[in-house]
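Residue numbers (my numbering), protein chains in the order written: chain A, 1 to 269; chain B, 270 to 525.
No lab work stands behind these hints, which were simulated from the structure alone. Computed from a predicted structure; not experimentally measured. Heads up, a few of these hints could be off.
[As the list claims (entries may be wrong)] No farther apart than 25 angstroms at their CA atoms in a straight line, the calculated lysine to any residue pairs in the SDA-like style are these:
id	chain 1	residue 1	chain 2	residue 2
1	A	K259	B	R401
2	A	K166	B	E430
3	B	K424	A	R176
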Amino acid sequence: MESNLSKERKEYIKNTQRRKRAITLTRIGIFLITVTAWEALARIGIIDGFVMSMPSRILKTVVSAASNGLFLHIGVTLYETMIGFVLGVVFGGIIAAALWSSEFLSKAVEPYLVALNSLPKIALGPVIIIWVGAGTKAIIVMALAISMIVTTLEMLNGFRCTEEEKIMMAKTFGARKWEIFLKIVLPSNVFTLFNSLKINIGLSLVGVIAGEFLVSKAGLGYLIVYGGQVFKMDLVMASVIILSVVAMLIYKGITFFEKLVLNNIGKAQ
Amino acid sequence: MKEMINVVGVSHKYQSADGETETVLDINFTVNEGEFLGIVGPSGCGKSTILSIISGLEKPSKGEVFVDGEKVEGITEKIGYMLQRDNLLEWRSIEKNVLLGLEIQHKLSRENIDYAEELLNKYGLWEWRNKRPSQLSGGMRQRAALIRTLLIRPKALLLDEAFSALDFQTRITVTDDVYRILKDEGMTTVMVSHDIPESVSMADKIMALSSRPARVKKIHEIKFGSEFLTPFERRNAPEFGQYFNTIWKELDINGE
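Based on the provided sequences and hints, a complete structural model is requested.
Here it is, written out as C-alpha cells:
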C-alpha cells in the first residue's frame, strides 16, 4: 500500500504530519514556558508571589482542596449551570418557535427583545435576589437571564433562514404550521441548534459565576469571591484555572454530542 | 372527454405597500383529463400566479377554479404541485422523502406504502431507496420528487418551471423521464415555463400569455406525428420548428 503512493504524495503526508507535531510541541512549549517563567519570577522576587500567586502553590492548593470539598464546589457550579442551560434551551426554543410561527407577535415584541438583549443582565442581580430569594434559585435565574435571550434570538434567526421553497413544498401538501416546523424547519436547523447550545452553555456558566459572586455558600464562583476576601490568591487562581478547565470540558462535551447526532443523521435510515 | 381543470374568468390583484398590481386578467381555459397544457409568457407576467390559484395557495380576486368538478377553496389534495427545485430533504432517505406528502396528509396506509414501493420500482429508484438525496443524480432526484407528488394520487399536476434548476443535458433527459411517467399515469398536467422549446416538446396545448397583467393571447393545439413519442424525438419532428416560430412571434414584445 505504502509503495503505491507517489513520491509527491509521500512528501505531502510527511509534511502535514511534521506540521501537526510542531503545533502540538508549540502548545506544550507555551504552557511550560509560562509556568516556569511565572514560578521563577515569583521565586526570584521580581513579581510578588503573594499577590500574583505561583504555579507550585496553586498546585498545592488544588491537591489539598481536592480532599477538602473541591469536588463539591465543582459539582454545585456544574449542577447550577446544567439547570440554567436546560431551562435556557427549552424556554429559548419555545419562545423562538412561537416568534417564528407568528410574524405579528415577533414584530410586536421585537423592540423589547432588542432592549432585553442589550441590557447588561448582571444589573438585574439585586432585583433577582429580592424576587426569588438569596439562594440557588437566584443563581439559576441569573444564568437564565444571561443565556436565554441570546439563545432565543440565535434560534429564531436560524428558523427564519429556512429555505422558503422547502416550506412551500410542505404547504403544497397541505402541511399545517406545526408540521412545517417539525418536519422542515427544525431538521433544517440542526447546525444552528448546536451553535445556540454552545453559546447557551457558555453564557449559563457566566451567569452562574456572576450569581455565585452575589449569593452563594458553595461553587467555584463562591471560592473565587471567598479567596479574594481573605486574600488567598492561591485559592482564587486555582479556582479560576479549574473553572476554565470545566468550561472547556463542557464545550467539548457538546461538540462530541453534536458529532454523534450529525453522524446519526448522516447515516441512511 | 372529461374536463379536469376549469378556470373561469379568473383575475388576480397583488397588494403591497407600494400599491396594487394586477397580475392576471380574465383568464379562461379548460384542461381535459390526461391532457398536458403548457403556459408560456414573458417573464414576470404572472404565469406562476395562475398555478398558485389553481392549487388554492392564492385566492383569485375574481372568478372561479374547478378541479374534477369541485370548486377550489383553499389548498386542495386533488392537486400535486412541483416547484422549481426538487426540495428533497437531505436528512431523509429517498424512501422517506417520497413518503413525505402522504405523511403530512396522514395517509401512510399499507396500501399507499405498497404503491410507493411500486412506483420506486417502476421508475428505477428501488435500489436507491435508502440513499440520501445528495447521492443521486439530478435526474433521479427529479423522479423522486415526482413520485412524492404522485403518491398523494392527485387529479392534476402543476409544474412550475420544474426543470429550470437543472443543467441543459440533465434537463433534456429529465424531461423525457417525467413525460413518460406522466403519460404512463395518465396525469392531467399544467406546466409553466419560459422555455418555449421545452413546452412545445411536451404539451398537447400551449397557452400564450401577454405581458402583465397576463391575458390569454391564444391557445395553440400541438400535434405531432405518431412516430414522435418522446419530447426528445419531438424536438426533431418537422412540425417542431413551425410551432416554435408561431409561439415565439406571438410572444414577441416588440410586435405588440
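Each hint, compared with the structure:
1. A:K259 - B:R401: 18 angstroms, holds
2. A:K166 - B:E430: Since the Cα atoms of K166 of chain A and E430 of chain B sit roughly 15 angstroms apart, the hinted pair holds (cutoff 25 angstroms).
3. B:K424 - A:R176: The given pair, whose Cα atoms are some 22 angstroms apart, holds under the 25 angstroms limit.
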